[in-house]
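Participant: This is what each chain is made of:
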Amino acid sequence: MTENEKVPWYEVLQRIDRRIIYLIVLALCSVPFFIPIPVAMEVSPPVQSLFDKIEQIAEQNKSGKEQFVLLAMDWSPSVKAENEPQTAAIIEHMFRKNVRFIILSFYLPEGPRMTETLAEELAKKYDKRYGVDWVNIGYKQVDLPAYLSFIRDMYSIIEKDYRGTPIRDVPMMKKVGSLRDVSLVFEATGSAGYGIWVIYAQPEIRTLEVGVGVTAIVGPSIRPFIDSRQIIGMLEGLSGAAQYEQLLKTRGNATRGMGSQNLAHLWIIVTMALGNIGYFLSKRRERNRKKEVA
Amino acid sequence: MHASYSMLVLLFIFSVPIVYFILAARKGKQIYIRPIAGLAAIDEAIGRATEMGRPVLYSTGLSGLDIVGLCSVAILSHVAKLTAKYDLRLIVPVNSYLLYPVVEESVREAYADEGKLDLFRADDIVYVPGQFPYAAASVGIMHREKVAANFFFGYFAAESLILAEAGSQVGAIQVAGAEDILQIPFFITTCDYVIIGEEYYAATAYLTREPTMLGSLVGQDMGKLTITILVILLTLFGILSVAFPNTFYSNWIIELLRL
Amino acid sequence: METSELLKRRARIELIVVLILGTAICVYIAADCIRYGVKEGFDGFLNRLGVGIAAICTLLIYSFLYRENPFYRLLEHILIGLSVGYSTGVVWTELLKPNWFDKLVGAEGRIPNLLWLLVLVPGVLWYFQLSRKNVWLSRILIMFFMGTGAGLGFRGVFQNLLAERGQITQSFKSILTYSGGSVSFTWFNFDNLLFIVIMLCVLSYFFFSFRHEKNPVLRGSSRLGRYFLMICFGTIFGTTVQGRMSLFIDRLTFLFHDWLGL
Amino acid sequence: MRRYIIIWLTFIGGLYYFLEFVLPAESRMSDAVTEIGKVTLVIGGCSFLLGVINLMRMHTARIALKRPGWYNSVALIVALFAMLIVHLWKFYANAQPGDAIDKVYDLLWNYLRVPIDSTIFSLLAFYIVSAAYRSFRIKSGEAAIMMLAALIVMLGQIPLGQKITLWLKSLETDPQLWWVSRLRFDTVREWLMAVWNGAAQRGILFGALIGSMALSLRIWLSLERGSFFDKRL
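Chains as they are written, first to last, in the working numbering: chain F, 1 to 294; chain B, 1001 to 1259; chain S, 2001 to 2262; chain E, 3001 to 3233.
One chain only, chain F, in its complex shape:
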């Protein structure tokens, strides 16, 4: 196709320069920072059942023996965009309902560190104190054998909390005998970290339920575990966190982010359509040209 022959419009459709596409993504994602876009969403069942589980723990704590929540924070800065709002929503809900929780990670040192800053920010809003309302054990590098010993006796491999104070001296830990006092493990992860809690911990401790906050790409592979109730609740990417914030009636980062998600998704659907229209038309033109030649 020599330069001077006018390029048919549907060829142009398929060859818009990469950088123009990127500029439009940048523009569309920036719009909701200035113009509000509707962000109300329908709450999906996995998000609702995780919300109900924490409500149920709060009710039980009023009457029976206090149950705690374990936050397994296996996420790193590269996936903080999705896991951080999820963790913030869960922590806010627990602070509201006076449910006490333990933060730790067996995979990544970064997770507990970033969760601690979240907890301290939210603690100011609900005047909660470290050591009394939540404990951060930080990162413990653990292989499977050590993990099994953790399930059977929590204090076997936990010596100190992340600030260095011996674990026995932390006021809240006096009420936590073993993993049997934990009735929900909330695992926030960018990869398939939920496996060890679902496969190894739950069969040993019947009362333990597992909820996960995962990046959107991992969401679909969690569904068989939700079907078998090995996992009772899931926050799937930013929309999962936004739905949870909607249940809490707060307007956090996730809800703000959904405005940009709206326009970004619509733009991707438009580009897919453009690409395919151009593709079909140019294929039909080729068939016509072949018919003329034949």
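The hints are all genuine.
Distance condition first, Cα-Cα at most 20 Å in a straight line; then the derived SDA-like pairs of lysine to any residue:
{"id": "1", "chain 1": "E", "residue 1": "K3066", "chain 2": "B", "residue 2": "V1128"}
{"id": "2", "chain 1": "E", "residue 1": "K3139", "chain 2": "F", "residue 2": "N276"}
{"id": "3", "chain 1": "B", "residue 1": "K1027", "chain 2": "E", "residue 2": "S3222"}
{"id": "4", "chain 1": "S", "residue 1": "K2173", "chain 2": "E", "residue 2": "E3190"}
{"id": "5", "chain 1": "F", "residue 1": "K124", "chain 2": "F", "residue 2": "R96"}
{"id": "6", "chain 1": "E", "residue 1": "K3139", "chain 2": "F", "residue 2": "V270"}
{"id": "7", "chain 1": "F", "residue 1": "K160", "chain 2": "S", "residue 2": "R2110"}
Over 12 Å on every C-beta distance to chain F, these chain S residues come out as not near it, computed from the model:
{"id": "8", "residue": "C2026"}
{"id": "9", "residue": "L2130"}
{"id": "10", "residue": "V2135"}
No lab work stands behind these hints: they were computed from the structure. Only a predicted model underlies this, so the values are computations on that prediction, with no experimental measurement involved. In this text, a Cβ means the ideal position worked out from N, Cα and C, and glycines have one as well.
Given chain F, put chains B, S and E in place with the hints provided.
Facilitator: The following block gives chains B, S and E in isolation, referenced to the frame of chain F:
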């Protein structure tokens, strides 16, 4: 928590065929593995590359010295034999320093087997650490060398999208295979053929005719057959226990599994 | 000749744009730091300077989308250095010091227990990976850990399949519902039947040692299985779009909200 | 001789945990789990210097030979030791949140590590848009099905997409047309995810679990011994 009887029985049912078929295959018993469509696509891609006379790129992704990486090396030696036979240049970017010597040795051996050792260029086996530097380097090679065919076999993470999309822009014919299914959707949109999940190991067994892998695959098929039968029985007994409540007072299979 | 002229012109334009943008950003950061410095003292100044540096790093990395450039490569190497430095430091402070060194030297009143020195014997084997001659020594440790991993793998597989809420035990789905003496086929049962059919077809796709010519049922079910797999991959593509977009939106929130204060 | 040592060590490594799982509780096998856990944890931890040594070997060579981009290696080494030293200094000085060293640590962490890490990863948002635009072509029936599923999932997960079909929700109570209200984007997405995708994922999961069990068996019994893996390993 210790194994319940049903777990012990299932462990027995799964393990025996695997060990039996591995040992049988070792003794030379002929094992049938159905042809994997993806492998025909490899030959077609190499044919296309010889027509165009352009180099071929084979990426092992982020795989290290583990089962996934070694299977990728097995498929690589098959591809290397083909490129040697048709005098094509083969470029292999590798991400793991542990896998790098294994890759180099396998390609050199393949070129030697075809008697084309003079064609083998050691600096075509490129070592690039880091996830995104690896993707950027491979994309650079695709554009500079105008590669005719791309092969992606091994463990891929988020950078699969960058590699496959750049490859389809260069107009190369692409075949991919990954055991981890999270990246398969991106390979499907950009490649001509994709080997999915377990097929990845079947492709290695089909190519290398390795007795351990062949026997293990047949043994695993028996395990999958057991699960299929178990699920069908579970459903059947479920229907019977509802349709004829007096004879089948409960779903026997469930009680059996709970022993 | 003509293209090199074009290239030179383009390079000049790029340089001018980069200079203008660069000075504008630096001026804004300087003003911002001074403003906070006055208002909140040195802490505020340091904080805003940090936010300014983070914003510059973010913009430099996004310049990679326009064209490959040395800044992107530099920041990538800094990231690798920071993460390896951090993880090395953390393994010492979180794992080796409390679980090994403290017990060895008997910190906090515990009696020193020299037995822990024996742990170094296998521990050192890792480093034979670097030596050419006796790499096999490091292979002992790798294979031992693979062995323990394999041993534990059995527990993992069977507890996942057959535990009280296992994948097989929960694959029992009622196809007919019995209510008040009558048997009915509700929407719930339809979903269950559909679930089992799709699951078995997808599982049949991964059968490798059966001849498709001999058993047509398998040929049909595995072809169906591949179509069902496509639906599964479609859902993964759909959710990944949302996942990747939120990564960029999070950076935009940082730039607009934290840095520019909009 | 070396091979037999490795084979037996692998077998013994796996044997304890295999028996601990298989034998019933009375076998008192699992009492030692906590002790063994502590020792294996430390042995595993001892390998932590490997990463640093490999990086240093590669990058000091690049600096010595003045290869192109050697200044990047200098930056890498400086960043590595900066983070390591600050981390250890903060630990041993037992710094409280207000101290100077803690501020330097926050500067390195919040304003260098986190932004670079999350920004590099966010480049993927642009690549997925260009992949959707330039490569996601409906070339075959399979691609058409995949595209349809992707569209439903995408529209069902964003507020605007859900709003398109939200008006159907009013029909929920209507005796005849109640099922029409189930055809909203978000309910169809949930149905697609839970049933179609869930079933396919469980099918894949069964295959993967049996595959991992076969792999465990082969490694534990060193059945890989005769295969080409062993020559390579």
